[in-house]
Amino acid sequence: GRVGRFGWKAQVSGLEDFVLTACANEMGLEVPGHPQAADPLGYGERNPAGLDMSSDECKLLVTYVAALPSPEERPVLSAERGRELLSQVGCTDCHREQLGSVRGLYSDLLLHDMGPGLIDAGVYYGPEEESSPGVPKSQEWRTPPLWGVADSAPYLHDGRARTLVEAIRTHGGEARESLARFEALPAARRTELIAFLRTLRVRKSSQFSNRDLRLNDEEFLPLAPRPSSTIPARSLPGLGSGPQGPFMLRPVGMR
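Residue numbers for the sequence shown follow our numbering, beginning at 940 and rising by one.
Derived by calculation from the structure, the hints in this document are not laboratory data.
It is possible that some hints are incorrect.
[Said to hold, decoys possible] Between beta-carbon pairs, the in silico distance windows are:
1. His1096 x Gly1039: 20 to 28 Å
2. Ser1026 x Arg944: 22 to 30 Å
3. Val1041 x Gly972: 51 to 59 Å
4. Gln1037 x Ala1127: 24 to 32 Å
5. Leu980 x Ile1058: 46 to 54 Å
6. Leu999 x Pro1055: 40 to 48 Å
7. Gly1111 x Pro987: 16 to 24 Å
8. Val1015 x Ala1119: 36 to 44 Å
9. Thr1130 x Ala977: 22 to 30 Å
10. Arg1115 x Asp995: 46 to 54 Å
Just so you know, these numbers come straight off a predicted model, no measurement behind them.
Cβ atoms here follow ideal geometry from the backbone N, Cα and C, with glycine treated the same way.
Modelling step: build the complete structure from the supplied sequences, incorporating the hints.
Quick look at the structure:
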């Protein structure tokens, strides 16, 4: 009965619920009030020995996430035409630059039917129950905010799109007309639109550049696991110290 704002399907209303559910379902941590998901293989209920994070630790984590700076737009004169094109092709019908008092979000935070090419329950555990009231359909997705998009490859819920152009070309359903207008643009105009999207970056908060923190759009290549003879563990600080040894480099989103 509450408005959803978080999650690929806008299925979570509050930040605390979102963070702690991720701790339980994505990281396998036992946290207060958010038990781990049911065993997907059906071997029965888990019996945790205790909590992995205390209530105080959970509050500290949520407070930290809430305090993260919002991404920013780094204007480039040559990209201004791309901003206009984003609106002309219809992207901003859903990727709204401003929502309420928040500027630079580029989302309406609403669910949209994205067509059969993006059918997915959007959940990692348990059966999909589309018949339940309020449960998003398989091809319904919350409009992902575009702020920081230049530094967040690969794209989509499963990381299937390596570049922004690939992500755009997965759009169907309610977005099919916008996609058609994008494809109808001359190549130079499409380049201008993508150039504008590359101005939407994470906020620099350390000595590292964006290139250090996240691979750029065209530079993203999945990292295949390599043996220690190819990548000496000593050349990568911290790599090789865990149970998987030198086999810790994996593509984003790989399970």
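22 to 30 Å as the expected CB spacing between Arg944 and Ser1026, which holds or is violated | holds (24 Å)
Taking the CB of Arg1115 and the CB of Asp995, does the distance hold inside 46 to 54 Å?
-> holds (49 Å)
Does 20 to 28 Å hold as the CB distance between His1096 and Gly1039, or does it fail?
-> holds (25 Å)
Evaluate the given range 40 to 48 Å for the C-beta pair formed by Leu999 and Pro1055.
-> holds (43 Å)
Gln1037 versus Ala1127 beta-carbon gap, inside 24 to 32 Å or not | The hint (24 to 32 Å, Cβ to Cβ) holds, given that Gln1037 and Ala1127 are roughly 28 Å apart.
Hint says 36 to 44 Å; check whether the CB-CB distance for Val1015 and Ala1119 agrees.
-> Since Val1015 and Ala1119 have Cβ atoms about 27 Å apart, the given range 36 to 44 Å is violated.
Using the C-beta atoms of Leu980 and Ile1058, is the stated range 46 to 54 Å upheld?
-> Since the Cβ atoms of Leu980 and Ile1058 sit about 24 Å apart, the hinted range of 46 to 54 Å is violated.
Can the suggested window of 16 to 24 Å be confirmed for the beta-carbon pair Gly1111 and Pro987?
-> Taking Cβ atoms as reference, Gly1111 and Pro987 lie about 42 Å apart, which means the hint is violated.
Is 51 to 59 Å right for how far apart the beta carbons of Val1041 and Gly972 are?
-> violated (28 Å)
For the pair Thr1130 and Ala977, does the Cβ-Cβ distance stay inside 22 to 30 Å?
-> violated (47 Å)
The earlier numbered hints that this structure contradicts are 3, 5, 7, 8 and 9.
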